[in-house]
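> Each chain, written out:
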Amino acid sequence: MTRYVQDVAVLARKDLVLELRARDTVPAMLLFVIAALVVFHFALPSDSSDLAAKGLLWVAIVFTALLGLTRAFVAEREQRLMDGLLLAPCDRSAIWLAKGISVLAFLALAELVALPAFALFFSGVDGATVAGVVLADLGIAAVGTLLAAMASVSRARELLLPLLFLPLAIPVIIGGVGASVADDPGRYLAFLALYDLVFAIISWASFEYVVAE
Amino acid sequence: MIRARTLSKRYGEKRVIERLDFDLPRGGFLLVTGPNGSGKTTLLRMCAGLVVPTSGELEVEAGRARIGYLGHEPLVYRELTALENLDLYGRLYRVPERRERIGMLLERFGLWQARNERVSSLSRGMLQRLALCRGLLHEPDLLVLDEPYSALDELGAELLDRELAELRDGHTFLVATHDPARLEGLASARLAFA
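Here the protein sequences come in this chain order: A and B.
Oh and the first sequence: position 3 is 3 in our numbering, straight run, nothing missing.
Oh and the second sequence: position 136 is 136 in our numbering, straight run, nothing missing.
No wet-lab data here; the hints were simulated from the structure.
All residues carry an ideal CB built from backbone N, CA and C; glycine is no exception.
Do not rely on the hints blindly, as some may be mistaken.
Residues from chain B that face chain A, not an exhaustive set, calculated with beta carbons under 8 Å [unchecked claim]:
#, residue
1, Leu50
2, Arg64
3, Ala65
4, Ile67
5, Gly71
6, Glu73
7, Leu75
8, Leu80
9, Tyr89
10, Arg91
Cut-off 25 Å, straight-line C-alpha distance, at most; resulting in silico cross-link-like pairs (SDA-like, lysine to any residue) [what the hints assert, rightly or not]:
#, chain 1, residue 1, chain 2, residue 2
11, B, Lys14, A, Arg155
12, B, Lys14, A, Tyr209
13, B, Lys14, A, Met82
14, B, Lys14, A, Ser154
15, B, Lys14, A, Arg77
16, B, Lys14, A, Val210
17, B, Lys14, A, Ala156
18, B, Lys14, A, Arg80
19, B, Lys14, A, Arg157
20, B, Lys14, A, Ala212
21, B, Lys14, A, Met150
Here chain B stands alone, though its shape is the one from the complex (with noise of 0.2 Å):
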């Protein structure tokens, strides 16, 4: 699904990732781990699609409507409510009964009393279990997840667990986090950044 040769990015002088050789294969589970500034979330976003590398190879087989992103912003619209905001993303990916797919989300994911709220008044945990509606919408087949379990209280993490047990088979993750433990058991393969 990704192979990276020689990938490097910077940013300016700065080295943010130097020569990273990878292969992520398809329904693999690529847990990314280091310390702050190591690089995780530019890899991550690379993959996504939304930083250029400064040279080397990257290949995604999964094109933009096949992915699924989630960040440390939720991307969402704080003057819109949940339900508008899944459904700009809905129209935009194509979601086929997009209706019926927002409403499952909402309610797996313990917001759907909250849908007809305005984003900025939802609380940081309500926010990034939207954010994991927003990735999750489109059915991705590739899952490149930032810290998924940040801002989450423990019912949060609970319903993500959940949720990634249940997508295990028959998708692919790149996911970047600070609590390896927390994912091991789903993990195929592992990439530590120092």
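Just chain A, same shape as in the assembly (with noise of 0.2 Å):
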């Protein structure tokens, strides 16, 4: 278990690092959700009600974690790095879980400028959207991992990812809106920690048969 630790530990920061170093996923993502709830300002109507606004602030989310997950595994893919983390006598599944902290880590950045900026567009962001974020958040980093280590052995992957992951997101676009504008957000939350649970365990699971050639 402490092996695990390390190996996932040792992968995470470099991935940290190379982010730090070529600075083209953070950026991208933080320009485009900012973006998005610029152009959603101006497009909806004035008298529109906040259950919309918060609509459009989960379509931001989501949209900026699909940015993000295209970029996850661009380094593996370009220089077939996959290889050499294939060979290296880790677990398989510590690449995966790796791979997903720095996606939650970029996504958790996007956001940390995203809901400022939408409480300052639109409305102020409660508790239990935030909480809602933070759930939604782990069950994008896991399953979209997943899907991006997928695409990106696929020759068709700019496609194939937005087709893998949207579907798989809407239980989370549920879930969030849920949590964003119910009285009663608790339900909302358990059923996104449902979903991350469940997402999560079937992501670890098969992501070994997923880079094997």
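Dock chain one against chain two, each of which comes alone in its own frame, and use the hints as you go.
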């Protein structure tokens, strides 16, 4: 177990260092989410309800996540570095977990900017929405990382990832919007937690088969 | 060390390797030759555990921790330095006395001066030498080398000659090459693809 955690830490640290050096994923996610919120601000009629605005927040989050996921395995794909990781004697699920942690970190950074921006353009963000975002991020990182790995070995990767990811993100949208607007957000948060648990287990267990040639 | 029986690999309808039998005993040096596209790389990738055979048996005694693989790509991150790349692999392979081992390899392959340079700034020959350092870092029992001399200048090729000669005793080699004459003296067997 200690060895597994060490492998995950080594691989996740590598991804964070790569992003710090290259700076090509997080800045793009930040620009995208702010641009999307600005567009929604002008697109939404001034007398629209808070409910509509909250829905658009979740659209922005999901598409920002998709942007980050398309970049998740770029280094491994372009330089065939997945081979190097697969050759290493670590549990292959450690690669998924480490990559998921870096995806989660990048998404969290984007949301640290996006949520105050949403409050500025639309309305305040309550605790239930923040809790929903945190739970949604976990699910998005878990399932998105698996799908990004799957897409990265495909020739039609730019098409495949959105086609696979968006249908699986529908429960995240349902849970997230529900947690943001419902009087009783508890059951929506529980739904998101269940989604996270189920998809984290499936992704963890199936990653090895996804990356095996 | 390696035992293959009726080993086959297909990609869709394309037959890359068809019913191949061979044995590579511990301490052996198998030279794999053949034209481009004949299946050399696929065979090496199967033996390294990177590709799953379509049918047949393939037994490789060495586990992933005991295989050193050098492929067509150096398998190092461009945005990390040479030292950081080797440190990453050293940690994943649990290399004992990692820093000393990395330092020794970088010195031996003439990369010590460039250890803190990002890999993106290294020449193709230096990248190949760094890839050799990566493949040898964990002192593997089985060395799977795909065109190890490609991109090496004369100095790099001599360094590799010396290294292979030193490692010849006590290690098992599976080497694909277009220049078999260079390794003829070390080889114990040859597998020629048509």
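> Confirm or reject each hint.
Hint by hint, here is what the structure shows:
Interface restraint check for B/Leu50: the shortest CB-CB distance to chain A comes to about 6 Å, inside 8 Å, so the restraint holds. Here the hint on B/Arg64 is kept, as its CB sits about 4 Å from the closest CB of chain A, short of 8 Å. Interface hint at B/Ala65: satisfied, since its Cβ lies 4 Å from the closest Cβ of chain A, which is below the 8 Å cut-off. Checking B/Ile67 against chain A: minimum C-beta separation of about 7 Å stays under 8 Å; hint holds.
For B/Gly71, the shortest C-beta to C-beta distance to chain A is roughly 6 Å, which falls under 8 Å, so the interface hint holds. Hint status for B/Glu73 relative to chain A: holds, with the closest Cβ pair at about 4 Å, below 8 Å. Checking B/Leu75 against chain A by beta carbon gives a least distance of about 3 Å; that is within 8 Å, so the hint holds. The beta carbon of B/Leu80 is positioned within 8 Å of a beta carbon in chain A (closest approach about 7 Å), and the interface hint is therefore held.
With a least beta-carbon distance of about 7 Å to chain A, the hint placing B/Tyr89 at the interface is held under the 8 Å criterion. Because the smallest distance between the Cβ of B/Arg91 and any Cβ of chain A comes to about 5 Å, under 8 Å, the interface hint for this residue holds. Taken as a hint, the B/Lys14 and A/Arg155 pair is honoured in the structure, with Cα atoms around 18 Å apart against an allowance of 25 Å. Taken as a hint, the B/Lys14 and A/Tyr209 pair is honoured in the structure, with Cα atoms around 22 Å apart against an allowance of 25 Å.
Restraint check for B/Lys14 and A/Met82: satisfied, since their Cα atoms lie roughly 24 Å apart, inside the 25 Å limit. Restraint check for B/Lys14 and A/Ser154: satisfied, since their Cα atoms lie roughly 18 Å apart, inside the 25 Å limit. A hinted pair counts as satisfied when its Cα atoms are at most 25 Å apart, and B/Lys14 with A/Arg77 qualifies at roughly 23 Å. Straight-line distance between C-alpha atoms of B/Lys14 and A/Val210 comes to about 22 Å, which keeps the hinted pair within the 25 Å bound.
Simply put, B/Lys14 and A/Ala156 have alpha-carbon atoms about 21 Å apart, close enough for the 25 Å limit, and the pair holds. About 22 Å separates the Cα atoms of B/Lys14 and A/Arg80, which keeps this hinted pair within 25 Å; it holds. Between the alpha carbons of B/Lys14 and A/Arg157 the distance comes to roughly 23 Å, so the proposed pair stays at or under 25 Å and holds. For the proposed pair B/Lys14 and A/Ala212, the alpha carbon gap of about 19 Å is at most 25 Å, so the pair holds.
Distance check on the hinted pair: B/Lys14 and A/Met150 sit about 23 Å apart at the alpha-carbon level, within 25 Å; holds.
When each numbered hint is compared with the structure, no violation occurs for any of them.
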